[in-house]
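Sequence order for the protein chains is A and B.
Each number in the numbering used here comes from the position in the first sequence (counting from 1) with 44 added on.
Each number in the numbering used here comes from the position in the second sequence (counting from 1) with 44 added on.
Mixed in with the good hints there might be a few duds.
Because identical chains cannot be distinguished in the list, a pair is counted as satisfied if it fits within a single copy or across any two copies.
[Unchecked claim] Heads up, simulated SDA-like pairs for lysine to any residue below, C-alpha to C-alpha not over 25 Å straight-line: (1) K321 x T338; (2) K58 x Q226; (3) K77 x N183; (4) K77 x E124; (5) K77 x T157; (6) K67 x D313; (7) K67 x S189; (8) K67 x R247.
Keep in mind that the hints were calculated from the coordinates and are not lab data.
There are 2 protein chains.
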Amino acid sequence: MNEFDIIDQFLNIKTGQRKDVIKGIGDDCALVKVPRGQRLALSMDTLIAGVHFLADANAADVAHKAVAVNLSDLSAAGAEPAWITVSLSLPEFDENWLMDFHRGLKKIADFFTVQVIGGDTCRGPLSITIQAHGFVPENVFLQRSTAQAGELICVTGNLGDAALGLKVAQGDLQVPPNVASQLLKKYYTPYPRVAAGIVLRGRATAAIDISDGLLADVNHISQQSGVGALLRWERIPLSKEAQSLDNEEMVMRAALTGGDDYELCFTVDEDELESTKQALETVGIDCIPIGRLTGKPGVRLLHHKEELTVEALGYSHF
Amino acid sequence: MNEFDIIDQFLNIKTGQRKDVIKGIGDDCALVKVPRGQRLALSMDTLIAGVHFLADANAADVAHKAVAVNLSDLSAAGAEPAWITVSLSLPEFDENWLMDFHRGLKKIADFFTVQVIGGDTCRGPLSITIQAHGFVPENVFLQRSTAQAGELICVTGNLGDAALGLKVAQGDLQVPPNVASQLLKKYYTPYPRVAAGIVLRGRATAAIDISDGLLADVNHISQQSGVGALLRWERIPLSKEAQSLDNEEMVMRAALTGGDDYELCFTVDEDELESTKQALETVGIDCIPIGRLTGKPGVRLLHHKEELTVEALGYSHF
Numbered sequence: 045m046n047e048f049d050i051i052d053q054f055l056n057i058k059t060g061q062r063k064d065v066i067k068g069i070g071d072d073c074a075l076v077k078v079p080r081g082q083r084l085a086l087s088m089d090t091l092i093a094g095v096h097f098l099a100d101a102n103a104a105d106v107a108h109k110a111v112a113v114n115l116s117d118l119s120a121a122g123a124e125p126a127w128i129t130v131s132l133s134l135p136e137f138d139e140n141w142l143m144d145f146h147r148g149l150k151k152i153a154d155f156f157t158v159q160v161i162g163g164d165t166c167r168g169p170l171s172i173t174i175q176a177h178g179f180v181p182e183n184v185f186l187q188r189s190t191a192q193a194g195e196l197i198c199v200t201g202n203l204g205d206a207a208l209g210l211k212v213a214q215g216d217l218q219v220p221p222n223v224a225s226q227l228l229k230k231y232y233t234p235y236p237r238v239a240a241g242i243v244l245r246g247r248a249t250a251a252i253d254i255s256d257g258l259l260a261d262v263n264h265i266s267q268q269s270g271v272g273a274l275l276r277w278e279r280i281p282l283s284k285e286a287q288s289l290d291n292e293e294m295v296m297r298a299a300l301t302g303g304d305d306y307e308l309c310f311t312v313d314e315d316e317l318e319s320t321k322q323a324l325e326t327v328g329i330d331c332i333p334i335g336r337l338t339g340k341p342g343v344r345l346l347h348h349k350e351e352l353t354v355e356a357l358g359y360s361h362f
Numbered sequence: 045m046n047e048f049d050i051i052d053q054f055l056n057i058k059t060g061q062r063k064d065v066i067k068g069i070g071d072d073c074a075l076v077k078v079p080r081g082q083r084l085a086l087s088m089d090t091l092i093a094g095v096h097f098l099a100d101a102n103a104a105d106v107a108h109k110a111v112a113v114n115l116s117d118l119s120a121a122g123a124e125p126a127w128i129t130v131s132l133s134l135p136e137f138d139e140n141w142l143m144d145f146h147r148g149l150k151k152i153a154d155f156f157t158v159q160v161i162g163g164d165t166c167r168g169p170l171s172i173t174i175q176a177h178g179f180v181p182e183n184v185f186l187q188r189s190t191a192q193a194g195e196l197i198c199v200t201g202n203l204g205d206a207a208l209g210l211k212v213a214q215g216d217l218q219v220p221p222n223v224a225s226q227l228l229k230k231y232y233t234p235y236p237r238v239a240a241g242i243v244l245r246g247r248a249t250a251a252i253d254i255s256d257g258l259l260a261d262v263n264h265i266s267q268q269s270g271v272g273a274l275l276r277w278e279r280i281p282l283s284k285e286a287q288s289l290d291n292e293e294m295v296m297r298a299a300l301t302g303g304d305d306y307e308l309c310f311t312v313d314e315d316e317l318e319s320t321k322q323a324l325e326t327v328g329i330d331c332i333p334i335g336r337l338t339g340k341p342g343v344r345l346l347h348h349k350e351e352l353t354v355e356a357l358g359y360s361h362f
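All chains, please: the whole structure from these sequences, using the hints.
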């Protein structure tokens, strides 16, 4: 089976053809149409086996996650996903792996009504690069750099489950089976907050998806907006599974620095909090205030009454 | 230096900002505007060290080639390049390599007035994925599948030099220094036929860039158009460097099956040949007829008066 057959058989999803796709997979280029009045938002991310996912992970989950991380970036911009392109590097032709990959790709593409319009495949170390494309009007495009001091910092859901799930997957954390199953699901197959991003258009003053970890991502908003941030330890939302674990430090570390939950973090004017909560409720998504932007540079965390700076927390990776 | 610094310092080209780029590198998404009346053509290709380029190749040349192969796909569609996104996987932080990469990226981006609007970087086996985006009106988008029997098959320039250059680079071919220098240049830094693609809008009946090798790429047009092809051995254009080598079989094998020249192969109605030649002349590009599409399936090659089928040529890679 050659490169072109692999692309056609395993990357080309033949259902769910979109009307804005004039030419999909199969030529030198894809050709698409951006609707009038919309701008094109795009994001590209590479996942490498052993770095971004476990080398023995199920291929359907790998496909899911590779798409999810890119759609999560679109969500953070308030964009509505439309098309993806997929480049897959594989050490050897493995039909079972490819069938699983195709299944995972099809499932998430269908779920979000996105079409795979371009593909590339070659022999090499296992890695997947996906670029996602979506639509958003220019004046409601959400960015990191547009927040102001005084605004509230919110997130769309529980934090830390995916990082705890990774520990379970790696055998570093022993938990009851029902807890394990929930945490693993959050790690392997996160669902990006696409609907939240669209609802937050014109409401959030800035947004980012939590892919590097809450503290790092709040730091991105703070730095790029030229403000500081004060987060409250006790407001960080945790799932009942995370709360059931008898190790607060590990759980909070996961919530503050684990980045695989793909929730959105956004800022909102205090007067807009209630209407934003109600709007997010219409798409079944929570709006949880966890702190506030301040005029004092840096990200700080209020732990009961003690103030910790992010540097003092000793998380070295940002 | 972290991921974000690397992206900002080495992938973000700070000159040549385009007016259609609303937001470039530095947020979750880039935001761009497709001009009214234009469709968006896009192509993604991954190059892996040791597979698509020599692991010790100069990083400026690697950057050049990674962009060139993608712009070549746009050319084949008749699209005018606008933006690229770059994902770079590197085994370790190597400032000199990254400075060279940046220099090569900047040079070709400036040459073709394309802007790098998105970047991703991570630690992993050396590879580069680039997606190129360009504009083309829907009714003049060039495809592979639209050729008809009786039309002429043409190419835009000499074939085989890049494949011979690879042999020189690998030490498998000894040639005089001036010949080596020309062949190596064609292999390391091909210039995609962007202007030709634009000129061929509305003139060529089908087009492809020669990336898999002439025979394989003519086969793509033939198969996807449901016709056959008859090429003439003696019409295949060779550079004076290739002609100077005393090994016709090796040279012709390079010209017929080497794919790294990134010339365009296109089909044209016989009545349009002269006007097409004149139009390509205005951008300094040749138009060389090398055969004709036929009603008989398969790609055949007329070698003096002997007819060879492509299968009989024993080139196994397609």
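(request) At 25 Å max between alpha carbons, let me know whether K321 reaches T338 within a copy, between copies, both or neither. (result) within (22 Å within a copy, 66 Å between copies)
(request) Pop the pair K58 and Q226 into one bin, within, between, both or neither, using alpha-carbon distances up to 25 Å. (result) For K58 and Q226, neither the intra-copy (31 Å) nor the inter-copy (45 Å) Cα distance is at most 25 Å.
(request) Evaluate K77 and T157 at a C-alpha cut-off of 25 Å and name the case that applies: within, between, both or neither. (result) Both: 16 Å inside a chain and 22 Å across chains, each within 25 Å.
(message) If the cut is 25 Å between Cα atoms, do K67 and S189 qualify within a copy, between copies, both or neither?
(response) between (36 Å within a copy, 11 Å between copies)
(message) I want to check one pair: K67 and R247. Are their C-alpha atoms no more than 25 Å apart within a copy, between two copies, both, or neither?
(response) Answer is between; shortest inter-copy Cα gap is 20 Å, intra-copy 35 Å.
(message) I want to check one pair: K77 and E124. Are their C-alpha atoms no more than 25 Å apart within a copy, between two copies, both, or neither?
(response) both (14 Å within a copy, 15 Å between copies)
(message) Please sort K67 with D313 into within, between, both or neither, judging by C-alpha distance up to 25 Å.
(response) between (43 Å within a copy, 24 Å between copies)
(request) Using 25 Å as the alpha carbon limit, work out where K77 and N183 are close: within a copy, between copies, both or neither. (result) Both ways: K77 and N183 sit 20 Å apart in one copy and 12 Å across, limit 25 Å.
Hint compliance for this structure: hint 2 is the single one not met.
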